[in-house]
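J.: Full structure from sequences and hints, please.
Chains as they are written, first to last, in full-length UniProt numbering: chain D, 1 to 354; chain G, 1 to 354.
Among the clues, some could well be false.
No copy is singled out in the list; a pair is fine if it fits within one copy or between any two copies.
[As the list claims (entries may be wrong)] With a straight-line Cα cutoff of 25 Å, these simulated BS3-like cross-link-like pairs (lysine-lysine) come out:
id	residue 1	residue 2
1	Lys330	Lys67
2	Lys6	Lys313
3	Lys322	Lys97
4	Lys55	Lys313
5	Lys55	Lys6
6	Lys274	Lys204
7	Lys204	Lys334
8	Lys334	Lys42
9	Lys48	Lys313
10	Lys204	Lys181
11	Lys181	Lys274
12	Lys48	Lys204
No lab work stands behind these hints: they were computed from the structure.
All values reported here derive from a predicted model rather than from experimental measurement.
There are 2 protein chains.
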Amino acid sequence: MARIRKAAAIGGGVIGAGWVARLLLNGIDVSIFDPDPEAERKVSEVMKNARRAYKAMLPDGLPREGKLAFAGSIAEAVAGADFIQESVPERLDLKHKVLAEIDAHAAADAIIGSSTSGILPSEMQTAMNHPERLVVGHPFNPVYLLPLVEIVGGQQTSGEAVERARALYASIGMKPVVIRKEIEAFVGDRLLEALWREALWLIKDDITTVEELDDIMRYSFGIRWAQMGLFQVYRIAGGEAGMRHFMAQFGPCLSWPWTKLMDVPELTDELVDKIASQSDAQAHGLSIRELERIRDDNLVAIMEALSRQNRGKGWGAGALHKDYTRRLSKLAQKPTISKAAEKAKAAKARRKKG
Amino acid sequence: MARIRKAAAIGGGVIGAGWVARLLLNGIDVSIFDPDPEAERKVSEVMKNARRAYKAMLPDGLPREGKLAFAGSIAEAVAGADFIQESVPERLDLKHKVLAEIDAHAAADAIIGSSTSGILPSEMQTAMNHPERLVVGHPFNPVYLLPLVEIVGGQQTSGEAVERARALYASIGMKPVVIRKEIEAFVGDRLLEALWREALWLIKDDITTVEELDDIMRYSFGIRWAQMGLFQVYRIAGGEAGMRHFMAQFGPCLSWPWTKLMDVPELTDELVDKIASQSDAQAHGLSIRELERIRDDNLVAIMEALSRQNRGKGWGAGALHKDYTRRLSKLAQKPTISKAAEKAKAAKARRKKG
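T.: Below is the structure:
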């Protein structure tokens, strides 16, 4: 099975630190570069949450954690790494600069994944000497818990790199989905963006508050989508007549004059203020760290609940979770001494006996 | 506490039958009218699933089920009902006809809820003599499990009716959210519609298959939205800097040229065929009934998992689930004999003893 031996993380924000946490908790050493003087503290905060979540997932013990090293440069961070994940801010010029530097110093066969949530890999790989090993590996927050990673190759990406990336992401418990055509924002963020834009209108026009809108989601289709996606859910909603019936019934709505759906709301200061203050009210005094812990507990509980469904085989993210935690448990039980040391020990025992 | 004494259901499709199931399992008698000769069989199929799900929720026993009567007319169905739920197909002319008939025969103070997922209550209540008691009560499938109901009043709806509707829906374990302004498709379906339209483009353009798209949802933001909605999730994603930071970072994407988002895809036969056949493949041989049972098991398991979170107080739909199942358990333990009969029994026992 594919295995990451040593990883590098370039960028340690919410997403970068999430990658670091997933890798370390899989027992993989990580070298990180982030020029932010606060990076070490921020990464350690995310690690604290991640360790807590994995302890809940693995009550019998965690694998030995990988070692984390803070590098002074990109060159230093990528030295010796066979897997490099870039998670710097979403500016093409910055991506070019950072990827060129990674490219110059990384082993020629290292896989380079970019966490970009929207930029085309073809546009990012133009400044690289070995563009064939760059893929987009777009994760979802919190990266240490949510399994999805969208893999997108650019025009110069090799099919082999896509396959290796898929295997490497799967080896750390993720669900890789390869997107077959390169489009801005890929698939997940296209869907999120459509919903987000509509949500902004609903807040702007005072139809709901952010708390009411969130409740509308999490007491209805949110629960559905934790286990089946849009199409499977609608297949069932069609009842005995199935998908065709559903399409016939619901399809015509598409051209109804819900014009707001089609415009882009302007993010005025007024709208940002409204959302920020309604969001403060919705938090009911809980800090971001407290909300994070509640979220993580909930996510683990949902995946565990799904891991016991489908006659014990697990369903969706639950089936993956079952497999992932089983593998991590095995890794945790693995003796830390090497095979050679084990042999020597056995030989010594034989001598004593004899 | 508000209580439905006798309910009527007009329409027994997937949604109507879901209402019937929720009401009966709450111990409420229901009279249903549906001209479909297959209605009785269809409703009993839904009841079978619902009973199964409630048994999983309430291992110590269910409340005594309400009685179901199939009425020969709307007039017969609504006689004596204090709560009437209309779930007929989404055509305004049909809604007018059915609501006029309900209105003519129902008690003047009965609450009338419409399951419409998009038509304005103001447009529906024009043909009624007592329009003040009509509200939209828009549920989500499966109605017997998903708690959300969007309540929307029309121009002629009284504030008192909205409040009574809220209390009655809450009394059968639901999460009522009152939408403060009347707009087509309300809130939930606005959000669903935005995402659905974008999904159709992604399938039409062969970016993904329906199975890949569903996986992208259920291994990422689907799990998140089962417990926190869009805004709370993004508040956390902003990290320590919170909501403002998130808006500043993600906001500009809104005006990027993702033009496809803004057009309506045409539902050609070709697109319908593609989706229907990809959906067949995705079902992996499972029938609609089998998929329904898997879905229901998953939904119950997720709500149960969430009911144990937040230091045992439950979180979101889980907190509601905890309260709902507790109330149903109490109802199940209620002796079915009357207080008078109980007294007489006790007196008899005393006589025997003495």
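J.: Compare the structure with the hints numbered earlier in the document and write down the numbers of the violated ones, lowest to highest.
T.: 2, 3, 7, 8, 12
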